[in-house]
Structures are given as structure tokens and as C-alpha cells.
Amino acid sequence: GENVEQHPSTLSVQEGDSAVIKCTYSDSASNYFPWYKQELGKRPQLIIDIRSNVGEKKDQRIAVTLNKTAKHFSLHITETQPEDSAVYFCAATHRWPNDYKLSFGAGTTVTVRA
Amino acid sequence: NAGVMQNPRHLVRRRGQEARLRCSPMKGHSHVYWYRQLPEEGLKFMVYLQKENIIDESGMPKERFSAEFPKEGPSILRIQQVVRGDSAAYFCASSPEELSGKGTQYFGPGTRLLVL
Numbered sequence: 024g025e026n027v028e029q030h031p032s033t034l035s036v037q038e039g040d041s042a043v044i045k046c047t048y049s050d051s052a053s054n055y056f057p058w059y060k061q062e063l064g065k066r067p068q069l070i071i072d073i074r075s076n077v078g079e080k081k082d083q084r085i086a087v088t089l090n091k092t093a094k095h096f097s098l099h100i101t102e103t104q105p106e107d108s109a110v111y112f113c114a115a116t117h118r119w120p121n122d123y124k125l126s127f128g129a130g131t132t133v134t135v136r137a
Numbered sequence: 010n011a012g013v014m015q016n017p018r019h020l021v022r023r024r025g026q027e028a029r030l031r032c033s034p035m036k037g038h039s040h041v042y043w044y045r046q047l048p049e050e051g052l053k054f055m056v057y058l059q060k061e062n063i064i065d066e067s068g069m070p071k072e073r074f075s076a077e078f079p080k081e082g083p084s085i086l087r088i089q090q091v092v093r094g095d096s097a098a099y100f101c102a103s104s105p106e107e108l109s110g111k112g113t114q115y116f117g118p119g120t121r122l123l124v125l
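Same order as they appear, the protein sequences are chains Z and C. Using our numbering, the first residue of the first sequence is number 24, and each one after it goes up by one. Using our numbering, the first residue of the second sequence is number 10, and each one after it goes up by one.
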């Protein structure tokens, strides 16, 4: 099955700086890679996703890049703000026909210092 | 759209009791997924259901755990004879169709189960 590794486990950045979280996956047939943000005691919220037919996707201060050859994808947050502090999870689908199944990384706790 | 609803939000059970967790998917969604999250860990897939069908329960322990998604009403995750190791947050997600190219999973607020 799919195995997703996520680094770093914790990340502290100064407000206004950028934050980068990296994930690797094991199954070259995975085709969908969402990122979720989870605040303490809250539900995981989808913030951005990317499919295997594109290499990069942006949404305001958030971007995701995908390198299919190397089997890794990254989340980039620019101009960080205190409200960006949360745990971020990357995920990848399993190969068809089990591509409904998401495997999650262990999470990155991001702290934005004011 | 009310989003994915789960109840109860918090559940305390003593060892040996039963826990019933409910999930109402988003309106128009017919696919439900249950995940378990242990403290400081990522979410782990448990089971995938469509109306009246269990599609994949490979992530669910073979004993004591069961899930259903009836034609009418919410999806239910049932844990019989709970043990302390069952303490976790249980999240339900729903999607309008399978992930292969289209459906995105939206998560509910979770049920935090504590077994004493």
C-alpha cells in the first residue's frame, strides 16, 4: 500500500517568512495529493490539492509542487501569519482501484511567531 | 450546506462498554470514509462505505469494530467492548463520488472517544 513520509515534524517561522513542508510517497501510481490544515481540536480542512497531471498549483499564499519522478510533493506558505499556526497533513491516494483511500503523513506542527 | 456532521463530539466509555459514533455526510454525498487519529499522529483509514454497502474495511480491526451506512440515516461506526487502546479521535469524511479524478474528501469535526 501507499506510505507517506512528512518532514519536518515541527516548524517555527517568523511572521512574514515562508514555510515549506515536504512529503514523499511510495506508490508511483498515486494520482491525487491533498493537504489538510488542522487546528487544535478541530476538523482537518482541505487547503489545497494537486493531481498527478500538473506540477504546481497556487492559491493566494499557498502553493503545492509535485515531482512525480522523485515521488515527492511540497506545501509552500508565503508571508506567514499567526493564523497559519496549525498542524498540516499531506496525503496521497492509493493506486486504482483503491484510489479512494488516503494515506496521511504524520503531520507538521507549524508555529508562526509574531 | 451544513457540512459533514458527527455526533457525539466527545464520548466517554468504560472498558467493556459499547461506543456508537454517528456521521451524516454532506448533502448530495453518497460516499463515507472513517479514519482514526491517535494523539500526535496522522489519520489512518478504517473503512469506506456507500449507501447500504461496505466497499473496503481493510483498515478496520476484524474484531469489535463494525460500520454501516443504511439507506436512511447516518453512517454508524460501532465499537463493542471498548478497551483503553480505542481512545482516539474518529473522523468521518464524505465525497460526492470516488476520488479517481474527481471527488474530494471533506471531514467532519470528529468524535473524541475516551475509554476509562
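You may find that some hints are simply not true.
Under the rule of at most 30 Å between Cα atoms (straight-line distance), these lysine-lysine pairs were calculated in the BS3-like manner [said to hold, decoys possible]:
no., chain 1, residue 1, chain 2, residue 2
1, Z, 91, C, 36
2, C, 53, Z, 65
3, C, 80, C, 36
4, Z, 81, Z, 65
5, Z, 81, C, 71
6, Z, 80, Z, 91
7, Z, 94, C, 36
8, Z, 80, C, 71
9, Z, 91, Z, 81
10, Z, 80, C, 36
11, Z, 91, C, 53
12, C, 71, Z, 65
13, Z, 65, C, 36
14, C, 53, Z, 81
So these bits of chain C aren't anywhere near chain Z, every CB distance computed over 10 Å [as the list claims (entries may be wrong)]:
no., residue
15, 53
16, 80
17, 90
18, 114
Hint data in this document are derived by calculation from the structure and do not stem from the laboratory. Here a beta-carbon is modelled for each residue, glycine too, at the ideal position from N, C-alpha and C.
Taking the hints in turn, this is what the structure says about them:
1. Between residue 91 (chain Z) and residue 36 (chain C), the direct Cα distance comes to roughly 34 Å. Violation of the 30 Å bound is thereby established for this hinted pair.
2. In summary, the hint linking residue 53 (chain C) to residue 65 (chain Z) is supported, as the alpha carbons are separated by about 17 Å, within the 30 Å threshold.
3. As the CA atoms of residue 80 (chain C) and residue 36 (chain C) are separated by approximately 14 Å, the hinted pair is consistent with the 30 Å bound.
4. Of the pairs offered as hints, the one joining residue 81 (chain Z) and residue 65 (chain Z) holds, with about 25 Å between alpha carbons and a cut-off of 30 Å not exceeded.
5. Under the criterion of a C-alpha separation no larger than 30 Å, the hint pairing residue 81 (chain Z) with residue 71 (chain C) is inconsistent with the structure, at around 42 Å.
6. For the given pair, residue 80 (chain Z) sits about 14 Å from residue 91 (chain Z) by alpha-carbon distance, which is consistent with the 30 Å threshold.
7. Simply put, residue 94 (chain Z) and residue 36 (chain C) have alpha-carbon atoms about 35 Å apart, too far for the 30 Å limit, and the pair is violated.
8. Taken as a hint, the residue 80 (chain Z) and residue 71 (chain C) pair is broken in the structure, with Cα atoms around 40 Å apart against an allowance of 30 Å.
9. Only pairs whose Cα atoms come within 30 Å are accepted, and residue 91 (chain Z) paired with residue 81 (chain Z) is accepted, the gap being roughly 18 Å.
10. Simply put, residue 80 (chain Z) and residue 36 (chain C) have alpha-carbon atoms about 28 Å apart, close enough for the 30 Å limit, and the pair holds.
11. Among the hinted pairs, residue 91 (chain Z) with residue 53 (chain C) is consistent with the structure: their alpha-carbon atoms are about 24 Å apart, no more than 30 Å.
12. With a C-alpha separation of about 29 Å, the suggested pairing of residue 71 (chain C) with residue 65 (chain Z) holds against the 30 Å cut-off.
13. At roughly 21 Å between alpha-carbon atoms, residue 65 (chain Z) and residue 36 (chain C) fall within 30 Å of each other, so this suggested pair holds.
14. At most 30 Å may separate the alpha-carbon atoms for a hinted pair to count; residue 53 (chain C) and residue 81 (chain Z) meet this at roughly 27 Å.
15. For residue 53 (chain C), the non-interface assignment is contradicted: its Cβ lies about 7 Å from the closest Cβ of chain Z, within the 10 Å cut-off.
16. The claim that residue 80 (chain C) lies off the interface holds: its Cβ sits roughly 20 Å from the closest Cβ of chain Z, which is beyond the 10 Å cut-off.
17. Consistency note on residue 90 (chain C): stated as away from chain Z, and its beta-carbon is indeed over 10 Å from all of that chain's, at 27 Å minimum.
18. At roughly 7 Å from the closest C-beta of chain Z, the C-beta of residue 114 (chain C) falls inside 10 Å, breaking its exclusion from the interface.
Hint compliance for this structure: hints 1, 5, 7, 8, 15, 18 are not met, and every other hint is.
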